Each structure stands twice: as structure tokens, then as C-alpha cells.
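Put together the whole structure using the sequences plus the hints.
Chain order of the listed sequences is U and P. Heads up, the final residue of the first sequence is numbered 368 in the working numbering, and it's a clean run with no missing numbers. Heads up, the final residue of the second sequence is numbered 368 in the working numbering, and it's a clean run with no missing numbers.
Hints listed in this document are in silico derivations from the structure and should not be mistaken for laboratory results. Model, not experiment: these values are computed from the prediction.
One copy or two, either will do: identical chains are not told apart, so a pair holds if it fits within one copy or between any two.
Taking lysine-lysine pairs in the DSBU-like style, the calculated list, with each CA pair at most 35 Å apart, reads:
#: 1; residue 1: K326; residue 2: K266
#: 2; residue 1: K294; residue 2: K266
#: 3; residue 1: K73; residue 2: K94
#: 4; residue 1: K320; residue 2: K235
#: 5; residue 1: K73; residue 2: K259
#: 6; residue 1: K259; residue 2: K320
#: 7; residue 1: K326; residue 2: K294
#: 8; residue 1: K235; residue 2: K198
#: 9; residue 1: K320; residue 2: K73
#: 10; residue 1: K266; residue 2: K250
#: 11; residue 1: K250; residue 2: K294
#: 12; residue 1: K266; residue 2: K320
#: 13; residue 1: K326; residue 2: K235
#: 14; residue 1: K259; residue 2: K294
#: 15; residue 1: K73; residue 2: K250
#: 16; residue 1: K235; residue 2: K294
#: 17; residue 1: K294; residue 2: K320
Protein chains: 2
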Amino acid sequence: MRIDDRATLADLACGAAFLGSGGGGDPYYSLLLAEAAFARSGGFDLIAASDLDDDALVAPCGWIGAPTVSVEKLPNGRETVTALRRLEQLTGRKIAAVMPVEIGGGNGLAPFIAAAELGVPVVDADGMGRAFPESQMVTFNMRGLSACPSVLTAACGSLAVIETQDNLTHERVARGLSVALGGIAHMVEYPLTGAQAKRDAIQGSVTSAIAIGAAIRHARAARRDPFTALADALKATGLYPHCQTLFDGKIVDLERETKGGFSIGKVIIDGFGDGGRMEVLFQNENLVARQDGKVRAMVPDLITIMDRETADTITTERLKYGQRVKVIAAAAPAMLREPAALAVVGPAAFGLGHDFTPIERLNQGEGA
Amino acid sequence: MRIDDRATLADLACGAAFLGSGGGGDPYYSLLLAEAAFARSGGFDLIAASDLDDDALVAPCGWIGAPTVSVEKLPNGRETVTALRRLEQLTGRKIAAVMPVEIGGGNGLAPFIAAAELGVPVVDADGMGRAFPESQMVTFNMRGLSACPSVLTAACGSLAVIETQDNLTHERVARGLSVALGGIAHMVEYPLTGAQAKRDAIQGSVTSAIAIGAAIRHARAARRDPFTALADALKATGLYPHCQTLFDGKIVDLERETKGGFSIGKVIIDGFGDGGRMEVLFQNENLVARQDGKVRAMVPDLITIMDRETADTITTERLKYGQRVKVIAAAAPAMLREPAALAVVGPAAFGLGHDFTPIERLNQGEGA
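And the structure:
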């Protein structure tokens with residue numbers, strides 16, 4: 001697929017924002033950078049992983065850090081390309097294609113900028129099917145692949161090559177680096193073969209994001225309900241087969257701090273009428289939504305807070321008192337609900353003290 | 001010079017401990033590792049920088065982190081060699097010699113272990129002439145050389161290559177990494193040419209440390225006062241031309257915390273009889289000694305707290321309530337008192353709010 005119009009890029013940004021589950025970085029700056037790359041290059045090539053040679057070198061990339069920092073500290077624009085070139089030096093090979101390490105948020109667009117400059121395609125797949133706060137929360141780790149060598153670059157021109165014995169230590173090291181470098185950095189990690197990209201990535205997530213964004217855009221233009229369009233589009237992707245509007249209300253309280261390289265906090269939403277109260281906890285991404293003490297959705301299922309009129313996604317760093325919002329949950333891709341995956345991205349991995357229950361069972365009988 | 005007996009190694013550990021000014025890492029474990037390397041290799045070659053080819057590759061190495069951690073978290077013993085081999089890969093060249101990045105504390109012995117394994121000599125020079133808490137506080141930085149590429153290794157087997165645009169950012173990145181890796185890591189940094197080692201390092205500091213240790217050992221054996229022997233030995237080195245016993249008393253209070261990758265605190269010493277009270281502030285190393293409000297010594301001059309009977313150096317992480325101690329100050333090597341050096345390692349660089357005044361002026365008329 002050739003992306004050769006700005007509307008498709010904007011659809012991708014809109015869909016990726018939803019899939020970010022509140023995180024993945026604000027898509028606004030990524031969209032600006034992608035549009036600039038688009039203006040220079042005239043377009044981007046998106047290919048299916050199945051089109052890759054089995055021994056091709058595929059480079060997943062994205063930003064690591066607190067989204068609260070990313071909206072204030074701008075990139076220098078060269079981070080991704082510098083890191084990819086270094087990966088080529090380290091491996092002695094040419095990169096055949098790039099891939100978002102996570103489709104969610106700004107990270108869904110991040111590889112397009114580098115792809116245009118390197119003249120390589122973007123693979124229609126990613127390692128999370130959404131966004132997660134920690135770098136080991138990726139299908140490649142669940143499938144036993146190594147994050148290393150990874151290359152971390154920052155706006156100040158710093159670069160670090162990281163090699164660790166395990167992926168959790170890699171996350172600790174990369175996180176410490178991102179904090180030392182001002183709270184946000186770019187990372188190329190989990191260098192894949194084409195065969196691994198076919199087997200261990202979540203397929204079709206980039207085109208899914210585009211379809212979600214397009215559905216919302218078309219609904220707005222036709223003055224149809226964008227939330228209905230969103231639910232239909234999610235189901236049509238096949239990746240996100242269930243969708244629920246969990247709550248409709250006004251933000252009445254917000255706690256948020258930037259701590260340990262993350263944006264951590266809690267938002268309280270009061271329902272309209274006698275709708276009760278919903279609490280959503282987040283660590284970069286929304287992790288669990290509880291209504292009057294009852295869990296309505298939890299990781300790895302997606303929980304996204306959206307403007308109740310426009311269906312614009314409100315990422316965790318953009319939450320504010322008084323916003324009128326809907327809380328939307330979507331079923332995570334099947335690969336994230338496998339037992340090996342739940343050990344890495346299930347509620348227990350976040351210390352939440354719940355066993356994972358899918359949204360379609362938690363909210364049985366309540367339609368989209 | 002060939003170091004072919006264990007007594008000389010012990011002298012080096014003793015002298016380096018004094019020159020550490022309270023820091024540089026506990027020399028005990030470094031001595032054990034050096035003795036093991038000695039047992040395997042039969043000895044170490046120590047050469048003058050002037051013996052190096054101008055284009056030789058010289059690798060300064062040492063440990064970065066909080067000394068409080070280093071006494072509890074042991075190295076795996078391969079950190080230095082792994083990092084040096086990686087530096088050879090990165091530069092495509094063989095390392096001709098290694099050098100302590102700082103002569104003070106355990107770091108004065110660190111390169112000997114790797115030297116034995118690589119079959120290269122140690123250069124009789126270092127980058128600090130003592131120990132300092134931060135990696136940019138080194139003569140190589142004062143003379144405009146770059147710390148990069150540096151290689152950081154940790155006991156868990158992790159490795160990171162760091163490249164930054166400036167040496168202060170390098171320190172921030174390396175410090176963040178050392179914290180993420182458990183509080184202590186090994187670093188090979190400021191790769192030098194032979195010409196730079198001749199011009200920009202402090203010459204003769206390794207043999208000075210050996211001479212200081214030997215003087216204390218001989219004094220103890222002959223039941224002479226070790227502090228007199230220390231003062232004479234310091235003057236004889238030519239590097240440390242002045243020495244003062246600032247204070248003699250008992251530790252009555254101690255504040256110490258491990259924060260931001262450093263061991264930070266303050267020790268209070270009450271004088272015997274009507275000797276007043278001395279306060280010594282430290283950040284890994286002792287930074288300033290004040291007696292009843294009057295500054296008696298400050299960085300970059302050396303301030304070392306020693307057991308008042310044995311003249312054993314008590315590093316900042318070994319300070320305890322009740323210890324009977326002498327506080328000894330020594331003039332820093334001339335290279336550290338130049339204006340460009342004072343900007344990096346003078347009291348203002350530590351936020352101390354004093355202009356640098358040498359100990360020989362602060363304590364005029366008070367003999368050693």
C-alpha cells in the first residue's frame with residue numbers, strides 16, 4: 001500500500017491515538033514530523049510482513065519516556081535515522097524495513113519519518129497492538145526474542161548502544177537513560193529477521209489504525225455518531241473484536257506526576273445524571289477502569305478516554321479537570337490475551353491484584 | 001617498573017586510599033582482585049607516559065557509582081576486560097596501555113586487573129591525582145578531550161556504549177546508567193592517544209601512591225609516627241607539596257544517604273580537650289572541612305579522614321559514630337589548581353559558595 005495523501009496520515013494519527021489506550025506519546029508532533037517527511041518524499045510504502053524476505057533486517061522503533069515530557073521537549077528530528085544507521089553499522093547489514101514498536105499514540109507514526117529518509121517501507125505490524133508503558137511489554141519479548149543490541153538517541157545528540165542479558169534489565173537501563181537524557185528518548189530495539197516479523201509481531205495494526213481514523217473522519221463529515229463508527233471499524237479490523245462504551249461523564253479530579261520516567265496517576269469521572277463514578281488508573285497508558293468499585297476493563301484490553309462530542313482521543317498527559325468524556329474499552333488482540341502474554345502485560349504485571357477478565361465478560365449484556 | 005610483590009600492591013592500595021580524599025571506592029575489594037590477578041600473572045608492568053608512542057591507544061578506566069553500594073554489591077570480575085575489548089572493537093585498534101581514571105581509592109588499582117589479562121602495562125599517571133565524584137572532573141575534560149566513546153559494563157553482564165556531544169551530558173548519562181544497573185558500574189572513558197596521556201594526565205600518581213603506602217608501612221613496622229611519615233612522603237612526591245593535620249578528635253555525628261547515584265552527607269568530629277568541632281561535607285569524596293565555622297580545607301585540595309592510631313584511611317562509606325580520627329589535608333597537584341581546573345573541580349563546582357583558597361594559605365603558620 002502506498003500512503004500518498006495527507007488525509008491517510010491524519011487517519012493513522014487519529015487511529016493510533018485511540019489504540020494508544022491513553023499513551024504512546026502525543027500524536028500531534030509525530031503527525032507534524034510525518035507531514036514534513038511526506039512533503040519531502042511524496043509518500044510512504046506500507047508492506048505486509050509476509051512480503052519480507054525471511055532473513056531481512058527489520059527495525060522496530062519508537063519513543064521511550066514520559067508522555068508528559070514529550071509534549072514540552074521537542075525532538076531534533078534526526079533521532080530515528082541516526083539510530084537506524086547505527087544499527088546498520090552494528091549488524092553490518094542494510095535495514096530492509098522499519099516497524100512501529102507500538103502502534104499506539106505518536107509511536108505509530110514514528111517510523112514513517114525514518115522510512116522516508118532511508119527509502120525503506122514500513123511493515124504493517126507492531127509489537128504491542130496498542131501502547132504499553134514498558135519496553136519489555138512487547139510480543140517480541142513474550143516470544144523470547146532479545147531487545148539487544150538497541151540504540152537509544154536523544155534530542156541533545158547523545159547516543160547509547162545497549163546490550164543486556166535479559167529484556168527486563170534492558171528496560172531498566174533504557175528507562176534510566178531516558179530519564180538522564182531529559183525524560184524522553186528514541187529507541188531502536190528488538191532487531192528482527194523477516195521471519196520473526198511474520199511470526200512474532202501483531203499483523204495489520206497499521207492499516208487497522210488507518211481504518212479506525214478514517215471511520216471517525218467519515219462519520220464526522222456525515223454528521224453521524226463517531227463512536228458508533230469507531231465500534232464498527234474496530235470490529236471490522238478483526239484485531240479488536242469487541243468494543244464497549246464504559247462511561248459518559250465529566251472529569252472531576254485528576255492526580256498525575258512524572259515519576260521514574262513515567263507519567264503516573266488517576267482520573268475520576270462523574271457520570272451524567274445518576275451515572276455513578278468511574279476511576280481510571282494510568283502509567284503512561286490507562287491500566288484499569290473501575291465504576292463504583294467494580295472493574296469494568298483492565299490491561300491488556302484497551303481503555304481510551306475520548307472527547308464525548310468530537311471523539312478526539314485524550315491522552316493521559318492531556319487530561320484536564322472539567323473535560324466531558326466517554327471512556328471506551330476495546331478487546332486486546334488475541335496474541336496479548338495468551339497466558340505467556342498476560343504474564344508480561346496482564347493486570348498482575350502492573351501490581352493491580354486482579355486476574356485478567358476480558359471486557360466482553362466483565363460487561364456481559366451491555367452492548368457497544 | 002615491574003610490580004612483582006604483594007607488598008607493593010598493598011602499598012598502592014594504602015596510598016590510593018589516602019589520595020581518594022574519602023572516595024574512589026573501597027580499596028579492599030580492588031586489592032583482593034588485584035592480588036588474584038597477580039597470582040595468575042606474576043606481576044604488572046608500570047610505565048611512564050613518556051614511554052608511550054604518541055599515537056598509542058591508552059584506556060583510562062575505573063568504577064562509577066556510590067561507594068556505599070560498592071561495598072555490598074561485588075563485581076563479577078570481568079567488567080574491565082569486557083569494556084576494554086569493546087573499545088578495541090569500536091576503534092579498530094589494540095589498546096597499548098591502561099590507566100586509572102582516578103588514582104584515589106579502589107579505582108587506583110582497578111586497571112591492574114585488566115592489564116594483567118590483556119598483557120599491557122599500566123601508565124604511571126591518572127586523570128584526577130585523587131578521586132572526584134563526577135566523571136567530568138578529570139584533567140582530560142579540563143584540557144578539552146572527549147569522554148566518548150565510553151563503554152560502561154556492570155556485574156549483571158550489561159554493556160552500554162555512550163556517545164554524547166559534551167562531557168557533562170556524558171556524566172549525566174553514565175550516572176543514570178550506573179543507578180539503573182544497581183548503583184555501581186565500570187567505565188572505560190576518555191580514550192587517549194599516547195601524546196594526550198603525556199600532556200593531559202597527572203604524571204607519577206601511581207608511583208606516588210605506592211611511595212605513600214610504603215612510608216606508612218615502614219613507619220608502622222618501625223613504630224614511628226605514621227602521620228609524620230605520610231607528610232614526608234607526600235612532600236617527597238613533588239605532586240602533593242603541602243600537608244596539614246587539620247584536626248584530631250572523635251566522630252560524634254554522621255549523616256549519609258545514597259542519592260542520585262552518589263553517597264552524600266556530613267560528618268561531625270569533636271576535638272579532644274578543648275579542640276572545638278570540625279564538620280566535613282562529602283559527595284562520595286570529602287569536599288570541605290570547617291572548624292568552628294572557619295574553612296580549613298576545600299576541594300580540589302585533598303581531605304582524608306584516618307584512624308588516629310593506625311593511619312588507616314576511612315573512606316566516606318566506612319565512617320561511623322565513635323571513630324577516633326585525624327583529618328589530614330594535602331595540597332592538590334598544581335594542574336588541579338589552574339583556573340580552568342577550578343571551574344570544574346573547585347568549590348563553586350560543588351555549589352559550596354567559597355572561592356578556592358589553598359590549604360597552605362588557609363592554615364598559614366600551622367605546620368604539618
